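Since the structure of chain W is provided, determine the placement of chain F on it from the hints.
2 protein chains.
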Amino acid sequence: MDFSEKTVKENLIFDGKILHLYKDDILLPNGHPAFREYIRHQGAVCVVPLTEQKDIILVEQYRYPMKSLTLEIPAGKLDPGETPLQGAVRELEEETGLRNADLRFIGELYTSPAILTEVIHMYIATGFTAGEQHPDDDEFVRLVTMPLDKAVQKILDGEIKDAKTQAAVLKTALLLKD
Amino acid sequence: MDFSEKTVKENLIFDGKILHLYKDDILLPNGHPAFREYIRHQGAVCVVPLTEQKDIILVEQYRYPMKSLTLEIPAGKLDPGETPLQGAVRELEEETGLRNADLRFIGELYTSPAILTEVIHMYIATGFTAGEQHPDDDEFVRLVTMPLDKAVQKILDGEIKDAKTQAAVLKTALLLKD
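Chains W and F, in that order, are what the protein sequence lines are.
Using numbering that gives the first Met the number 0, you'd call the opening residue of the first sequence number 0 and step up by one each time.
Using numbering that gives the first Met the number 0, you'd call the opening residue of the second sequence number 0 and step up by one each time.
Here chain W stands alone, though its shape is the one from the complex (with noise of 0.2 Å):
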């Protein structure tokens, strides 16, 4: 049996300066018609940032959907033109100062994929020099540097709840034992 749903009409409902609302008229495996409200997103990198000595480096701010404080991976959304490396590079910077880093590509990460187009594409950087932060004007972040094995007890305690995170530090820590 072929999955596929049958795109019958695509109607963009809101278009935001970061979200872009659609609810299209679609036809389900079975031919039935119905419709599907999703998000358009223009995709987004998050790095897992390791020192020498296996440190992560974290970044805290204000989540204003989740209405709390939140420890996250360095990460952004891409420009418009720009290569997920190039963004890499970039939000590095931008959140933690950090450059000149070695990158290594880790895999996609689909946030939420019945609701939201958002591919995060992630990696790990190392070799990186410290230098200044300048995030965006509307962007208030904390730096917290902990060691990985710590990082990954809070994940596996519950603690931090970003989904990026979770996914990105314990996929680092299971590739590096190999």
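Hints may be right or wrong, so weigh each one.
Any copy will do: because identical chains look the same in the list, a pair fits if it lies in one copy or spans two.
Derived BS3-like pairs: lysine-lysine, alpha-carbon spacing no greater than 25 Å straight-line [what the hints assert, rightly or not]:
{"hint": "1", "residue 1": "K22", "residue 2": "K5"}
{"hint": "2", "residue 1": "K176", "residue 2": "K53"}
{"hint": "3", "residue 1": "K5", "residue 2": "K53"}
{"hint": "4", "residue 1": "K176", "residue 2": "K153"}
{"hint": "5", "residue 1": "K153", "residue 2": "K66"}
{"hint": "6", "residue 1": "K22", "residue 2": "K66"}
{"hint": "7", "residue 1": "K176", "residue 2": "K22"}
{"hint": "8", "residue 1": "K66", "residue 2": "K16"}
{"hint": "9", "residue 1": "K76", "residue 2": "K22"}
{"hint": "10", "residue 1": "K5", "residue 2": "K16"}
{"hint": "11", "residue 1": "K8", "residue 2": "K66"}
{"hint": "12", "residue 1": "K76", "residue 2": "K5"}
{"hint": "13", "residue 1": "K176", "residue 2": "K149"}
{"hint": "14", "residue 1": "K76", "residue 2": "K66"}
{"hint": "15", "residue 1": "K149", "residue 2": "K8"}
{"hint": "16", "residue 1": "K76", "residue 2": "K149"}
{"hint": "17", "residue 1": "K153", "residue 2": "K5"}
Quick caveat, the hints were computed from the structure, so don't treat them as lab data.
Just so you know, these numbers come straight off a predicted model, no measurement behind them.
Same frame as chain W, but now just chain F:
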């Protein structure tokens, strides 16, 4: 410094069946006005179903926003008034037919905390009995069973891209090692 952002006015832009889009007027930590576009979502659950032989039961389904099939752990939105544990029992049975499972809560996942309020409550399910699937009317899923180790490898290789699946499966593998 207090990093929190103050709500000046909540503005509901689109009130859909699943997605509720807001564009709120806020004040940044430095007191400057700004706005935040985000989606409210009722929350969800996901379950890592593990047999006695340490096989994991995954579901393959078409994800319209991604225009592709994905391999994911069983998951779904919470119904109104339902606790996460009740939702996990229901979704596991609907998507896979598995019943009478012992469920262990392994933490929360914020899928995209900059733009989406969605929280996924993660569980490991063991000790279940087989039964009949009864998915939603617009849901077409195929069950895929494989050793847990193989699913971990597919995540490390970048083949499994869904965020909750990456996070919950890696977490399960590390928790069971302890």
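Is it within a copy, between copies, both, or neither that the alpha carbon of K153 lies no farther than 25 Å from that of K5? neither (42 Å within a copy, 28 Å between copies)
For the identical chains here, do K153 and K66 meet the 25 Å Cα criterion within one copy, between copies, both, or neither? within (20 Å within a copy, 34 Å between copies)
From the Cα coordinates, with 25 Å as the cut-off, is the pair K22 and K5 best called within, between, both, or neither? For K22 and K5, only the intra-copy Cα distance (13 Å) is at most 25 Å; the inter-copy one is 30 Å.
At most 25 Å between CA atoms: does that hold for K76 and K66 within a copy, between copies, both, or neither? Both. Shortest intra-copy (20 Å) and inter-copy (21 Å) distances satisfy the 25 Å Cα cut-off.
Intra- versus inter-copy proximity for K66 and K8 (alpha-carbon distance at most 25 Å): This pair counts as between: shortest inter-copy Cα distance 15 Å, intra-copy 36 Å.
Homo-oligomer pair classification [K16, K66; C-alpha up to 25 Å]: For K66 and K16, the Cα distance is within 25 Å both inside one copy (21 Å) and across copies (23 Å).
Cα distance capped at 25 Å. Does K22 pair with K66 within a copy, between copies, both, or neither? between (27 Å within a copy, 15 Å between copies)
25 Å Cα threshold - placement of K8 relative to K149: For K149 and K8, the Cα distance exceeds 25 Å both inside one copy (49 Å) and across copies (39 Å).
Is it within a copy, between copies, both, or neither that the alpha carbon of K76 lies no farther than 25 Å from that of K5? between (29 Å within a copy, 23 Å between copies)
With identical chains treated as interchangeable, where does the CA-CA distance between K5 and K53 reach 25 Å or less: within a copy, between copies, both, or neither? neither (47 Å within a copy, 37 Å between copies)
Given identical chains, is K5 near K16, meaning Cα to Cα at most 25 Å, within a copy, between copies, both, or neither? For K5 and K16, only the inter-copy Cα distance (20 Å) is at most 25 Å; the intra-copy one is 28 Å.
Pop the pair K76 and K149 into one bin, within, between, both or neither, using alpha-carbon distances up to 25 Å. The answer is neither: 27 Å in one copy and 31 Å across copies each exceed 25 Å.
Comparing the model with each numbered hint stated earlier shows that hints 3, 7, 15, 16, 17 do not hold.
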